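**Q** Top line first, the protein sequences correspond to chains W and P. The numbering of the first sequence is the numbering used here, which starts it at 1 and goes up by one. The numbering of the second sequence is the numbering used here, which starts it at 1 and goes up by one.
Simulated from the structure, these hints should not be mistaken for laboratory data. Treat the numbers as computed from the prediction; the structure is a model and nothing was measured. Glycine is no exception: its CB is placed at the ideal position from the N, C-alpha and C atoms. Be a bit skeptical, because a hint or two may be false.
[What the hints assert, rightly or not] Estimated spans, in silico, between C-beta atoms of each pair:
| id | chain 1 | residue 1 | chain 2 | residue 2 | range |
| --- | --- | --- | --- | --- | --- |
| 1 | W | S26 | P | S65 | 29 to 35 angstroms |
| 2 | P | Q17 | W | A54 | 29 to 35 angstroms |
| 3 | W | K114 | P | E75 | 25 to 31 angstroms |
| 4 | P | G28 | W | S12 | 24 to 30 angstroms |
| 5 | W | S9 | P | D1 | 40 to 46 angstroms |
| 6 | P | R108 | W | K68 | 35 to 41 angstroms |
| 7 | W | T51 | P | T5 | 49 to 55 angstroms |
| 8 | P | T5 | W | A54 | 32 to 38 angstroms |
| 9 | P | T20 | W | L56 | 43 to 49 angstroms |
[Claimed, not checked] Pairs of lysine-lysine residues, derived as DSSO-like cross-links and limited to a Cα-Cα distance of at most 27 angstroms, are as follows:
| id | chain 1 | residue 1 | chain 2 | residue 2 |
| --- | --- | --- | --- | --- |
| 10 | P | K57 | W | K97 |
| 11 | W | K68 | W | K58 |
| 12 | W | K114 | W | K97 |
| 13 | W | K58 | W | K69 |
| 14 | W | K69 | W | K97 |
| 15 | P | K57 | W | K49 |
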Amino acid sequence: AQSVTQLGSHVSVSEGALVLLRCNYSSSVPPYLFWYVQYPNQGLQLLLKYTTGATLVKGINGFEAEFKKSETSFHLTKPSAHMSDAAEYFCALRPIKAAGNKLTFGGGTRVLVKP
Amino acid sequence: DSGVTQTPKHLITATGQRVTLRCSPRSGDLSVYWYQQSLDQGLQFLIHYYNGEERAKGNILERFSAQQFPDLHSELNLSSLELGDSALYFCASSVDSNSPLHFGNGTRLTVT
């Protein structure tokens, strides 16, 4: 069984400040890990993904995430928040050897960016 | 634009009714996934089709069914609707199991 926990359902950051969204996972088998972003009235858009190899993954819009197996974490960061980063962010996983793209999602973190 | 098209965007209906949600995947994508996003359950996987065949089921109620047609579009049928079925229903598609999912903008279902 797998589960994803996102710490903090709401995060407020000032424009230009560091964005840090926390994601911890539980999986009985090695996982692929993902971060998705959802803007209002839109579907989910892939920010980045970890499959194998380098544990620091760079994504779109200046975001990056680091896979830490020992901590079962995949936290998302962006050095400097922009107003356009206001959205909801979802961490997700799927087992490496699973057939199909059945993702298990975390509860989401809504980011508010203050001017 | 993800290339995944979902219709309708909004649907308001009464309890006990039946509705059909439609999804056209991105051109070339053989896999279609349905997800439900609700306030209390979050994002949950419902069902996966690949090239017309059901491949995996998640937490899909027996009142719900889906199919994928030869032209690869998919429909999600929800019957005997209850207030708790009110949610955002997303369709996503991918080329294969190892490719990222591309999500449509969803159908917002309101059951009154």
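**Q** Indicate, hint by hint, whether the structure satisfies it.
**A** Hints versus structure:
no.: 1; hint: W:S26 <-> P:S65: 29 to 35 angstroms; result: holds (31 angstroms)
no.: 2; hint: P:Q17 <-> W:A54: 29 to 35 angstroms; result: violated (50 angstroms)
no.: 3; hint: W:K114 <-> P:E75: 25 to 31 angstroms; result: violated (43 angstroms)
no.: 4; hint: P:G28 <-> W:S12: 24 to 30 angstroms; result: violated (41 angstroms)
no.: 5; hint: W:S9 <-> P:D1: 40 to 46 angstroms; result: violated (29 angstroms)
no.: 6; hint: P:R108 <-> W:K68: 35 to 41 angstroms; result: holds (37 angstroms)
no.: 7; hint: W:T51 <-> P:T5: 49 to 55 angstroms; result: violated (28 angstroms)
no.: 8; hint: P:T5 <-> W:A54: 32 to 38 angstroms; result: holds (35 angstroms)
no.: 9; hint: P:T20 <-> W:L56: 43 to 49 angstroms; result: holds (44 angstroms)
no.: 10; hint: P:K57 <-> W:K97; result: holds (17 angstroms)
no.: 11; hint: W:K68 <-> W:K58; result: holds (15 angstroms)
no.: 12; hint: W:K114 <-> W:K97; result: violated (41 angstroms)
no.: 13; hint: W:K58 <-> W:K69; result: holds (17 angstroms)
no.: 14; hint: W:K69 <-> W:K97; result: holds (17 angstroms)
no.: 15; hint: P:K57 <-> W:K49; result: holds (24 angstroms)
Hints 2, 3, 4, 5, 7, 12, counting from the list given before, are not met by this structure.
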